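A.B. asks: Listed below are the residues making up each chain.
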Amino acid sequence: MSEVQREELNYDVVIVGAGPAGLSTAIKLKQLDTNLSICVLEKASEVGAHILSGNVFETKALDELIPNWKVLNSPINTSVTSEDFLFYTKTKSMKVPNLFLPNVLKNHGNYIISLSNLCKWLGEFAENLGVEIFPGFAASKLLYDNDQKVIGVQTGDMGLDKNFKPKDNYEPGINIKGKVTVLSEGCRGHLGKEVLKKFNLDSNNKSPQQYGIGFKEIWEINSENHQLGKVSHSVGWPLESDTYGGSFCYHAENNQIYLGYVIGLDYKNPYLSPYDEFQQFKTHPDIKKLLEGGKRISYGARALIEGGLQSLPQMYMPGALLIGCDAGTLNMPKIKGSHTAMKSGIIAAEVINDHINSNKELSEYESKFKNSWVYEELYKARNVKPSFQWGLIPAMIFTGLDQKIFGGKLPFTLQHKHADHESLIPAKKAKKITYPKYDGVITFDKPSSVYLSGTNHADDQPNHLLLNDKDLSTNFTIEKYDEPAQRYCPAGVYEVEFDNDLQKKVLKINSQNCIHCKTCDIKEPSQNIEWVTPEGGGGPIYSGT
Amino acid sequence: MKVLVAVKRVVDYKVQIRVKSDNSGVETQNVKMSVNPPDENAIEEAVKLKEQGLANEIISVSIGDDKSQDVLRTSMAMGIDRSILVKSQNTLEPLAVAKTLKIIIDKEKPDLVLMGKQAIDDDSNQTGQILSALLNWPQGCFISNLKIENNKVFISREIDEGIENLETSLPAVLTCDLRLNTPRFASLPNIMKAKKKPLETIDIDTLGIDTSSKIKTLKVIEPPKRKAGIMVNDVKELVQKLKYEAKVI
Amino acid sequence: MSVLVVAEHDNKNLKSSTLNTISAAKKLSEDIHLLILGNKIEDLAKSSKSIQLVKKVIICDHEKLENQIPELSSPIISNLAENYSHILAPSSTFGKNLLPRVSALLDITQISDIIGIESQDTFIRPIYAGNAISYVQTDQKINLMTVRPTSFEKCEETGGDAAVENISFIDSEVKTTFVSREVSKSDRPELGNARVVVSGGRGLENSDNFKLLYDLADKLNAAVGASRAAVDSGYIGNEYQVGQTGKMVAPELYIAVGISGAIQHLAGMKESKVIVAINKDLEAPIFNIADYGLSSDLFQAIPEIIKELDLLNQIES
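Residue numbers (my numbering), protein chains in the order written: chain A, 1 to 545; chain B, 1 to 249; chain C, 1 to 317.
With the rest of the complex left out, here is chain A (with noise of 0.2 Å):
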């Protein structure tokens, strides 16, 4: 297609990406300095959608933040009131003594929430403050100078079918430049993964990056079985206990709950179904009681970053920060990423403030995160993920030391050993895992679960779930693997097909399902898939999430 003619915006800041980072940077630089431009670009049809998480939530940032958000009618309404961590074996439960579990796994103080809705919340607060949030817009493209400094971003054309051809609807995506670009698009942004490696961003990690895939569905359930304020976390049964993942079972407003379930991205079993390892937990005594009578009103899925301070990037580049979850803030033995990154994006604002008004340089940042609550946290929690790869009960017992007697404080640091999509092992050596058949009451089947996402994508548009190689597939992952993307996708986009003409298996990608989790972009084998923006406003409608 030959060049269009693109619009161009100009801004101080560019935001990529409505979750609480950026939007706690927008809300910062607001009152920093009421005279700032700022523009959030957010791939979602409204912001929120796109945000699903557990959500126990701190409010430490959000204290610092706007320290009278009690009476501003915020969606953070209820207090945990109690908590248990239990170990699951397929029939029995046993709980973990409160005494024996660190602080870190302890959530007095905190409240279950929906962070799909603070969020909405958040983007309603920052732009009474003058923030301009543009919901339906993806940044495709990052913008460079010709010293190669980030300028800003372009917006995803809209209206092209699948063969990049202009419909009658066609809209050109626009250049947005400004001052500052932030980029805040969550676990796995697509620019994020651009600039680690334009700028080597990871190149003093001493770990590579760790992540996890994370379910999420929130049921309404019989008010006899709901207790206001629950929290319970679990481990073992149906993981196999060399598997790092657990569950989680949050009592919310309404009757409702939120249970999930969180598994590391570095399984090694290319025949492991995450999504099914979640829905079989579902069939545990415990969990099928709690479950009855109840009715499922809401799925979701999305990769989660657990790598903690031995994986985390340098955060800042010429033109542009990285933050949140698109860095790697994420606190993991807390199984919490939203005050932190809340945070990371209070400092971003902090350092682009003097960037912009005091010629202070971006790298200021540096050392403002480093003399953060932020840091420390990071620091404490730094052992625990990569204890786990001994296996469970030796990585618990660790915990319970490095957590309980030593504070985190242990004078070495643990190292994750492999990238994630360097886990797998061949399928001819690996076990064949069956998981039982969905009931389709309180299991369901993949398209069901999408369903309730109110996932869509304009038909017709142009894929965007990239093969590097389009035949490495077919020779490598589907050979070597027995193709593994049709179990780790959590949407059912990746099936394997008899090709007639080819005589041979193929990888088709059914790109509408997809809800936007990143998951196929992490942990392909040969690195060959690539995530790119679809048609802004597309994937899921997540709500209450």
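These aren't lab readings, by the way, just hints derived from the structure by calculation.
Among the hints, a few may not be true.
Claimed, not checked - Below, simulated EDC-like cross-link-like pairs (lysine to aspartate or glutamate); rule was C-alpha separation at most 16 Å, straight line: (1) B:Lys214 <-> C:Asp281; (2) B:Lys216 <-> C:Asp281; (3) A:Lys437 <-> C:Asp281; (4) B:Lys236 <-> C:Asp297; (5) C:Lys307 <-> B:Asp234; (6) C:Lys247 <-> B:Asp177; (7) A:Lys295 <-> B:Glu222; (8) B:Lys216 <-> C:Glu118; (9) C:Lys49 <-> C:Glu156; (10) C:Lys141 <-> C:Asp208; (11) B:Lys247 <-> C:Glu316; (12) C:Lys175 <-> B:Glu200.
What the hints assert, rightly or not - To spell it out: a stretch of chain B is covered by chain C in this simulated footprint if at least three of its residues, at any positions, have a beta carbon under 8 Å from a beta carbon of chain C; those stretches are: (13) 110–124; (14) 129–136; (15) 159–169; (16) 205–219; (17) 236–249.
Quantities reported herein were computed from a predicted structural model and do not represent experimental measurements.
Backbone N, C-alpha and C define an ideal beta-carbon position, used for all residues, glycine too.
With chain A's structure known, arrange chains B and C on it following the hints.
C.D. replies: This is chains B and C only, laid out in the frame that chain A set:
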């Protein structure tokens, strides 16, 4: 020519509808809302008429609470010149909607009124027809094609049997089918411009119309789930069943 | 009180939707009057009076009523209204186009597209494209309703001998003139309103095999649809897609061929009256909602069905 477009804010068509557990209605709290899809076709047609030089002013009207400003801003981002929000806390029935629109139309005096053929929430499919009768203007429903020449209006209507072609004149009320056109995307610069376009607010109580509900909703339930029927052994049995049991062939 | 049913017809025959609407009226009253507005409808009046459930056929025969311009028909209906507790019309494009005007003239709120009658004043109707069902009650002195034809049986067309009453035409000034009617451009009915839909899924394997479906569709005078999987695979164009992101259909008969039954698809066709599923895979979710399931290779089954239909036609003729 002046064109008035009526726009309704509804639950986005992509959202999976959920019936409230107390059966009082459908959950709309924290649910994504959008412009009623065929109303987007109406907006698009109005903008096209302006681009063709046939319309000189195009305005949009919505009835609802403050949040309905969103759909009016969207309409202005697509090209509508200015908007009117008739503020009402209650949900109006089609007859009351049409009466409200009539008052606005008496004041604004448009030559053409466009709206979607049906709102995708209550699925009534009435307002345009009622409005046409109240105004005593020609009615064209479910249109999939529109041509205006020298005050003559040529429309094609989507009817069950196929297409019906009619000729009528202005002023007229036309309701739009999804096949009429492909609504444009609101571009980002246009969304910004739309924020500065005029949006007038009128309180519905000042209009002096009866907006009370004539129809009471007793309960709203989920549609019954279909149950599996029978498996037939062969084609012969299938055709026999369809012919003599189900009587559908 | 009596119930008035506004007939949908083509000046020669009643549309079957009228017969469904009469059945709905039966649930409200024994005294059903059928109103036929049209041009040169003496024969139509004669055939209509034999409908057993109808007590009186009211005729307004005028050349201006040839093309059912609602601006002309609505005042005639509203003029009769005070004699009736309920006025019903089919919820077809005919009824939808007409009855709301009567609502305006009578200043009465209409209830659209009812699928059930609970009592004289309580009715059931789908909202949100059938994703929720609403029970509504009204205490207005006349109940104006459009009736979804597929929700009520067709009534018998014979066995009765109703009185026929002619009423005079009331002229109104109307600016609309009828130009033409194009009965579906393609030989097949439109997907959205076909009585029968034959849909294909990925089980058809390629676009050439869709010809099989066209043959079957032609035999049944059916529209052709497809699942998203088939559309995505390029077997057939987007406009044929049935489902949440495609067209919503509710035909009398829906035949799903080689469709597994992803929920997106089911959302678009679950309102169909009778669903037939033909699929090799006994585990396919489509069988969970099908009235008749046939677990068979579609490439054998479809030609066989066509043969059986031919046989049936021979017997009948």
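A.B. asks: Against each hint, give a clear statement of whether it holds in the structure.
C.D. replies: So, going through the hints one by one against the coordinates:
The suggested pairing of Lys214 (chain B) with Asp281 (chain C) is violated, with an alpha-carbon distance near 51 Å, which exceeds 16 Å. A C-alpha spacing of about 46 Å is found between Lys216 (chain B) and Asp281 (chain C), which places the hinted pair above 16 Å, so the restraint is violated. Note on Lys437 (chain A) and Asp281 (chain C): the hinted pairing holds, with a Cα-Cα distance of about 15 Å set against a maximum of 16 Å. About 15 Å separates the Cα atoms of Lys236 (chain B) and Asp297 (chain C), which keeps this hinted pair within 16 Å; it holds.
Between Lys307 (chain C) and Asp234 (chain B) the CA atoms are separated by roughly 13 Å; this keeps the pair inside 16 Å, and the hint holds. Taking the CA atoms of Lys247 (chain C) and Asp177 (chain B), the gap is near 13 Å; set against the 16 Å cutoff, the hint holds. Between Lys295 (chain A) and Glu222 (chain B), the direct Cα distance comes to roughly 12 Å. Compliance with the 16 Å bound is thereby established for this hinted pair. Pair hint Lys216 (chain B) plus Glu118 (chain C) holds up; C-alpha atoms about 14 Å apart against a cutoff of 16 Å.
At most 16 Å may separate the alpha-carbon atoms for a hinted pair to count; Lys49 (chain C) and Glu156 (chain C) meet this at roughly 12 Å. Under the criterion of a C-alpha separation no larger than 16 Å, the hint pairing Lys141 (chain C) with Asp208 (chain C) is inconsistent with the structure, at around 58 Å. Only pairs whose Cα atoms come within 16 Å are accepted, and Lys247 (chain B) paired with Glu316 (chain C) is accepted, the gap being roughly 14 Å. Between Lys175 (chain C) and Glu200 (chain B) the CA atoms are separated by roughly 33 Å; this puts the pair beyond 16 Å, and the hint is violated.
Restraint check on the stretch 110–124 of chain B versus chain C: 5 residues with Cβ-Cβ distances below 8 Å, three needed, restraint holds. Against chain C, the stretch 129–136 of chain B contributes 6 residues with a C-beta closer than 8 Å to a partner C-beta. That satisfies the three-residue criterion, and the hint holds. Counting residues of the stretch 159–169 of chain B whose beta-carbon sits less than 8 Å from any beta-carbon of chain C gives 11, enough to reach three: the coverage restraint holds. Chain C is given as covering the stretch 205–219 of chain B, and this holds because 6 residues of the stretch bring a CB closer than 8 Å to a CB of that chain, at least three being needed.
A stretch counts as covered by a chain when three or more of its residues have a beta carbon under 8 Å from one of that chain; for the stretch 236–249 of chain B and chain C the count is 9, and the coverage holds.
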